[in-house]
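What follows is each chain in one-letter form.
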Amino acid sequence: MYPHERSLVKKLEGKPFAILGINSDHARDELKKVLEKENITWRSWFDGGDTSGPIATHWNIEGWPTLYLVDHKGVIRDKSVGSKEMDKLIEKLVQEAEAASKTSAQK
Amino acid sequence: MRRIMLGIVVMLAISPPLRADDKAKEKPAPDKPKTGAEQYQALVKEYDDALKAWMKSYQAAKTDEDRRRLPGYPTPQKYEKQILDLVEKNPHDAFALDALIWVVQHNPGNSNRAVELIAKDHVQDKRVGALAGSLVYSPSSSADVILRAILQNSTDHKEQGPACFGLAKRLKTKADRAQSKDTTEAEKYFQQTIEKYADVKYYGKKTLGDAAKGALFEMHHLSIGKPAPEIEGADVDNKKFKLSDYRGKVVLLDFWGNW
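From first to last, the protein sequence lines stand for chains G and E.
Residue numbers for the first sequence follow numbering that gives the first Met the number 0, beginning at 0 and rising by one.
Residue numbers for the second sequence follow numbering that gives the first Met the number 0, beginning at 0 and rising by one.
Keep in mind that the hints were calculated from the coordinates and are not lab data.
It is possible that some hints are incorrect.
To be verified - DSS-like, lysine-lysine: derived pairs with alpha carbons at most 27 Å apart:
1. Lys9(G) - Lys241(E)
2. Lys225(E) - Lys241(E)
3. Lys31(G) - Lys83(G)
4. Lys78(G) - Lys180(E)
5. Lys44(E) - Lys80(E)
6. Lys32(G) - Lys171(E)
7. Lys187(E) - Lys225(E)
8. Lys180(E) - Lys87(G)
9. Lys83(G) - Lys173(E)
Okay, chain E solo, but in the shape it has when bound (with noise of 0.2 Å):
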């Protein structure tokens, strides 16, 4: 509760950046109602608050004990509800669309009302190609579409990329939910990722170009009913072994760590 009270304290304090294309003129005095854009600044601000909150007294605990007695990570839903609300008071407001992006960039497996309403208000915003990332693993069907529409639209090698990439990795997934053989149009936009965006980095060591390449091997070596590839390599003690030395016998490959 004191955490909230801050927060509302120093968003009076100050009043919330505003982004250039919002009426900067049009500032309310103070006892106005706040516009949209202003209430979605506030929540925006007491969310990284809590989340900053957080961090510190996270640091600051020093045994196992301490950190057991801390109040729960401030999760980003408990803000997403209200900002959506938000939105859906003022569609058309600049701000809508920002907001949206906060929701799916913040929770992006489970945001299918802020994908939606982007597919449906803003698929031909340029601002959409922040997603490009982002969409990969949203149950909305309306995800595709608006990787199509970065795909297409943006100038941006570095979201056109991903969005290429994602919509063949989604149209994979499809195809293998439907037990569908057909993957044409997944393994089309894997091909084209290794063409032009081959150099876009994706995670760790990664680019875009080398998971594009691992995804088509997988979809034509590594699937049921294929002979599996020869793995070499040596074990904990530095002894070198091979899968086919267990050939006459059925083998569970288990890839795993433990972190």
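Extracted from the complex, chain G is given alone in its bound form (with noise of 0.2 Å):
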């Protein structure tokens, strides 16, 4: 899974998208060392300390991990209980995004 992740950030480096993740562990400091162990860049939310915080549980979550892809406007694209590769669709939602904001540059 990080391995996977950190490829995907590198490779899309300065183009617009972001990994957000929501996550479960027990304490920050616990998330801390995990961060910096697995060399994770990407930013998380710290959801209460357990698998039923109050974004997991608003999101429906009961398999970890799950993946929503939202586009540049918002919308969910793709979702997956347990890791799934979405690349191919994030590099097309990744031109979509810079194609909008090409357009609404020469507006």
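Got two chains here, separate frames each, mind docking them using the hints?
Right, dumping it as structure tokens:
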């Protein structure tokens, strides 16, 4: 999981793309250690210290990891319980986001 | 091997407990062949003993090296086939349903043969209520038949609730797999769970009511094509941020934990 995410972040550096985590670990200092050890550079919300935290509950998460892919307009475009490669769709959506920002820049 | 030998010695020393409805009078003499029920009890005992022995040696292991040298964890699969063979030889014996329930409870994701036999031969038996919470992820479509029967026949709120919720979840998964947008029946059972069984415990702090409400929220607001709900919270350094801060970017949301 982490190596693939690290490569995604590297590949899309400078592009309109971000990974955001919702983390269900027990404590902030535990999370801090994991972020350092696994070289996790993307941001995570700390979700209250267990799997029934407010964000995970609101999103009805019952399996970890669960992934949601959200486009530049904030629309859900893919979801998966369990890790799943979404690279192709991610690249397509990044292109959509770039095209959209160009059009708005021209206006 | 020693473990199994031990199991047999213990088995001979004390005759296995029988269910009240087994004919206790007809206890065979020690040299008579064992009944199906007795053979089933012996297999269950062998598994329980193997599990206890394994737990004991696991607790006794002090180092990682010790733990690596442990024999493999005793899996129920090893006993499952023998138990199912016994059931198929004695399909109408009182122990048959208990044995099938054992198989499903010990290996819920992969017990199609047992699930199908229960649906075929025992679906009206009240004992199937014990499976109300074990059939959500069964790959066999016969699980639906059993859950519907529990919902209809059981008089126990704590069995009806998980049966209703389990059925709803299965119907939702089925609709998703068929890429069908028609989730009317799944929604009906989620709604029924909220109306009638909201107080029944699910897991952790969650009740079936919470879980069914969550499932309906997901169906209505978290499907592909819907706007992602706002997320607000704080990061590892307690700095606040929101999902909408990232509007204009593609965002991969990753619900994760390091465990």
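Evaluated hints:
Taking the CA atoms of lysine 9(G) and lysine 241(E), the gap is about 23 Å. The hint holds against a cut of 27 Å. The straight-line distance between the Cα atoms of lysine 225(E) and lysine 241(E) is roughly 18 Å, inside the 27 Å bound, and the hint therefore holds. At roughly 25 Å between alpha-carbon atoms, lysine 31(G) and lysine 83(G) fall within 27 Å of each other, so this suggested pair holds. For a cut-off of 27 Å, the pair hint linking lysine 78(G) to lysine 180(E) stands: about 16 Å separates their Cα positions.
Among the hinted pairs, lysine 44(E) with lysine 80(E) is consistent with the structure: their alpha-carbon atoms are about 15 Å apart, no more than 27 Å. Of the supplied pair hints, the one linking lysine 32(G) and lysine 171(E) is violated, its CA atoms being roughly 39 Å apart against a limit of 27 Å. Between the alpha carbons of lysine 187(E) and lysine 225(E) the distance comes to roughly 22 Å, so the proposed pair stays at or under 27 Å and holds. Straight-line distance between C-alpha atoms of lysine 180(E) and lysine 87(G) comes to about 25 Å, which keeps the hinted pair within the 27 Å bound.
Between lysine 83(G) and lysine 173(E), the direct Cα distance comes to roughly 20 Å. Compliance with the 27 Å bound is thereby established for this hinted pair.
When the structure is compared with the earlier hints, a violation turns up for hint 6 alone.
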